[in-house]
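With these hints in hand, go ahead and build the complete structure from the sequences.
2 protein chains.
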Amino acid sequence: MLAVPLRPFCAFLAGLGLLCLAFVASWCQRWRGGFAWDGSARMFNWHPVLMVAGMVVLYGAAALVYRLPPAWRGPKLPWKLLHGALALTAFGLTVVGLVAVFGFHNASKTPNMYSLHSWLGLATVLLFSCQWLAGFSAFLLPYAPPWLRALYKPVHVFFGSTILMLSVASCVSGINEKLFFSLKNGTAPAPYNRLPPEAVFANTLGLLIVLFGVLVLCALAKPDWKRPEDGSTDTRQPLLGTER
Amino acid sequence: MLAVPLRPFCAFLAGLGLLCLAFVASWCQRWRGGFAWDGSARMFNWHPVLMVAGMVVLYGAAALVYRLPPAWRGPKLPWKLLHGALALTAFGLTVVGLVAVFGFHNASKTPNMYSLHSWLGLATVLLFSCQWLAGFSAFLLPYAPPWLRALYKPVHVFFGSTILMLSVASCVSGINEKLFFSLKNGTAPAPYNRLPPEAVFANTLGLLIVLFGVLVLCALAKPDWKRPEDGSTDTRQPLLGTER
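Residue numbers (the UniProt record's numbering), protein chains in the order written: chain A, 1 to 244; chain B, 1 to 244.
You may find that some hints are simply not true.
[Claimed, not checked] Computed list of lysine-lysine pairs in PhoX-like fashion (alpha-carbon distance at most 20 Å, straight line):
1) 178(A) / 178(B)
2) 184(A) / 178(B)
3) 184(A) / 184(B)
4) 178(A) / 184(B)
5) 184(B) / 109(A)
6) 222(B) / 226(A)
7) 226(B) / 222(A)
8) 153(A) / 222(B)
If you are wondering where the hints come from, they were derived from the structure by calculation, not from laboratory data.
Given below as structure tokens:
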């Protein structure tokens, strides 16, 4: 693929991830009333912020750990631990983000889990939990035999990209849905279909999230940015194993 | 990756693509009033059907042409032509699908291009048109030098998967949006949030589209399903060239 230098690309991605976070937090703070943990719409606002932070930005960072040049040399175990820890933190934020939306729905007597956004979003989080558990069991615990790890690794890599893609689709449908809810006909200064500033801002947030997801997938797909397989025993070293 | 036989996988994918088409057509026929070309909501109904047919099912078929074992042997040019023709047909259906929604909006004085779904969908179609034109210019016209083709090929492959992913995200947000529009509070037999049969059916359609997209990306990603690079001049044979 085109010769793009890795470090500036990663720096740009980090900036774009922070921009997504700034956009989603600003949207909720400026136009949706800010944040609280009281069952109100201000509790709901934690949902978009934490899902973007967990399932997109931090998830993307976890996926890219092995692409960083310092991870190419020396023992793999610290990078495995960083990858697993970032993914676990992303999962933790995601769970709190789900508690926020269920808490708001239950307090306001709104049904849960009816929209396609909610079905896809929950399926994505369930897949993520399976992915984390399977990755932890196969690559960090000492029980999986090498042939099973070799068989599972490309599956883990494929689902890594797939889950990010599904997260992005969930975010897009969620932002779209929230704007239809919030900017109904008669809303001041204008309904969604007249594109008030909030609509332009949140639509832009959606496109920034899509761009972030696509660029992370691009970085993962570039063959020359992959960690060279050095064949040392360390590449198969589990967390609790006795190798080396 | 896991050893799945290619032919049954492709047959399953073909069946799943047809199932997606049957679902979207049945949804519009049974619950949304059927089809017409008269500026009414029945004209709008062509939009979901043609976008799923063009940007998902036929697009997926075009992407998978080189994965079919008969394409692995002999001249590459017929498969290039099939790939380009399927993609062009997909693009044609997509354009008619866009005309259907713009025609309905204009006839009913509804603003165009305000939702995140519409922004992402149009961006996806624009990317697809660039992809087709660049692919045609580089791989079928005889003017591109081999180094340019070699440079562009992985970019074309990456954007091929990316556009399918964006199409799926556009479909999910579009189905979600349409259900909120159609199944408002007070709608018989029940609003969206009470999950009437239409909501379950269309949500299932959304998940089937996601599954189809993920499985196409899976087939594209499997290294042992890729056409072997035989290095013959034929792999670089353009449509109007004089090679061979």
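Q. Against which earlier hints does the structure fall short, listed by number upward?
A. Hint check: nothing fails, all pass.
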